[in-house]
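Input sequences plus hints: build the corresponding full structure.
Start counting the sequence shown at 6; every next residue gets the next number (this note's numbering).
Hints may contain errors.
To be verified - Label-pair restraints from in silico Cβ distances:
#1 R227 with H44: 47 to 55 Å
#2 E111 with W86: 19 to 27 Å
#3 L38 with T173: 51 to 59 Å
#4 G37 with Y244: 35 to 43 Å
#5 G54 with G107: 17 to 25 Å
#6 T173 with A116: 38 to 46 Å
#7 R181 with R97: 27 to 35 Å
Hints were generated in silico from the structure; no laboratory data involved.
Note that this is a predicted model, so its numbers are computed, not measured.
Cβ coordinates follow ideal geometry from the N, Cα and C atoms, glycine included.
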Amino acid sequence: MWVVRRPPAPPNRPVPAPPPFDPTAARRLRAGLGMGPEHVAYGMRASYGLFHVTPEHVIAWERGVAAPSTPELKALAGVLWCSPGELIGRPRTLREHRLARGFAPEDVARAVGLEPLAYLRMEEGGGWHGTERQAAALAGLLDLSLADLVTVTGREPRLAELLRGAVTTRWQAYTRPLAKLLPLDRRLLEDVLQELHLDYQGRMTATLSRGGGGAGAGEGGREFLDRIVQNFWTTVEAYSV
Numbered sequence: 006m007w008v009v010r011r012p013p014a015p016p017n018r019p020v021p022a023p024p025p026f027d028p029t030a031a032r033r034l035r036a037g038l039g040m041g042p043e044h045v046a047y048g049m050r051a052s053y054g055l056f057h058v059t060p061e062h063v064i065a066w067e068r069g070v071a072a073p074s075t076p077e078l079k080a081l082a083g084v085l086w087c088s089p090g091e092l093i094g095r096p097r098t099l100r101e102h103r104l105a106r107g108f109a110p111e112d113v114a115r116a117v118g119l120e121p122l123a124y125l126r127m128e129e130g131g132g133w134h135g136t137e138r139q140a141a142a143l144a145g146l147l148d149l150s151l152a153d154l155v156t157v158t159g160r161e162p163r164l165a166e167l168l169r170g171a172v173t174t175r176w177q178a179y180t181r182p183l184a185k186l187l188p189l190d191r192r193l194l195e196d197v198l199q200e201l202h203l204d205y206q207g208r209m210t211a212t213l214s215r216g217g218g219g220a221g222a223g224e225g226g227r228e229f230l231d232r233i234v235q236n237f238w239t240t241v242e243a244y245s246v
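Listed below in structure tokens is the structure:
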């Protein structure tokens, strides 16, 4: 009977979270190649030296009850003749975007003009300390949208703060700080802020017109503020068409 084991992590080093894994894609790709879980496990052991991988690992990954580590993901992609990005769900962090594109940390550091150790610290710590030029190079290399770039460089909390202020008070006062944060056309930014402001104020007015003080009063407005960043990018996309 196979026993699912994972080798211990090196001492005194944090274990990075596994990348977002797409179990359905893994199962579909394996089936398309006519392989069973035992064939995948054998390939990962024989070709990539991951001797701990068993068919039970592969089954657990495909059922979504476990996720492969970074080395396991790369080996699995090799066995399934696909890129790591085809096995990853929507990337959220800088590390996940890098893995989805199949780059080593040293490749990214060199391309954007950073020391490898400095880049790794940013990736592991979740904070970006590069220049705007380096951020632009990062976006080009990893094919990041502006929304993705804002997220991976740690600017999303500040964006959310400014957007909440814009929709709850005078949006005009927030145009300048948002323009400094985001490389967007000024007119587009103004149109988006005005639209979001009107949307939020309309929700709050509708709440008051229904009698206000009940338990659900302001719920629509709170939900809108909770999703303010997503609402912002959706509106930007709509105005950019």
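Taking the hints in turn, this is what the structure says about them:
1. R227 with H44: 47 to 55 Å: holds (51 Å)
2. E111 with W86: 19 to 27 Å: holds (25 Å)
3. L38 with T173: 51 to 59 Å: Cβ of L38 to Cβ of T173: about 54 Å, so the range 51 to 59 Å holds.
4. G37 with Y244: 35 to 43 Å: Once the Cβ atoms are compared, 40 Å apart, the range 35 to 43 Å for Y244 and G37 holds.
5. G54 with G107: 17 to 25 Å: About 19 Å separates the Cβ atoms of G54 and G107, which means 17 to 25 Å holds.
6. T173 with A116: 38 to 46 Å: Given a distance of about 41 Å, which is inside 38 to 46 Å, the answer is holds.
7. R181 with R97: 27 to 35 Å: Holds, since R181 and R97 (Cβ atoms, about 29 Å apart) stay within the stated range.
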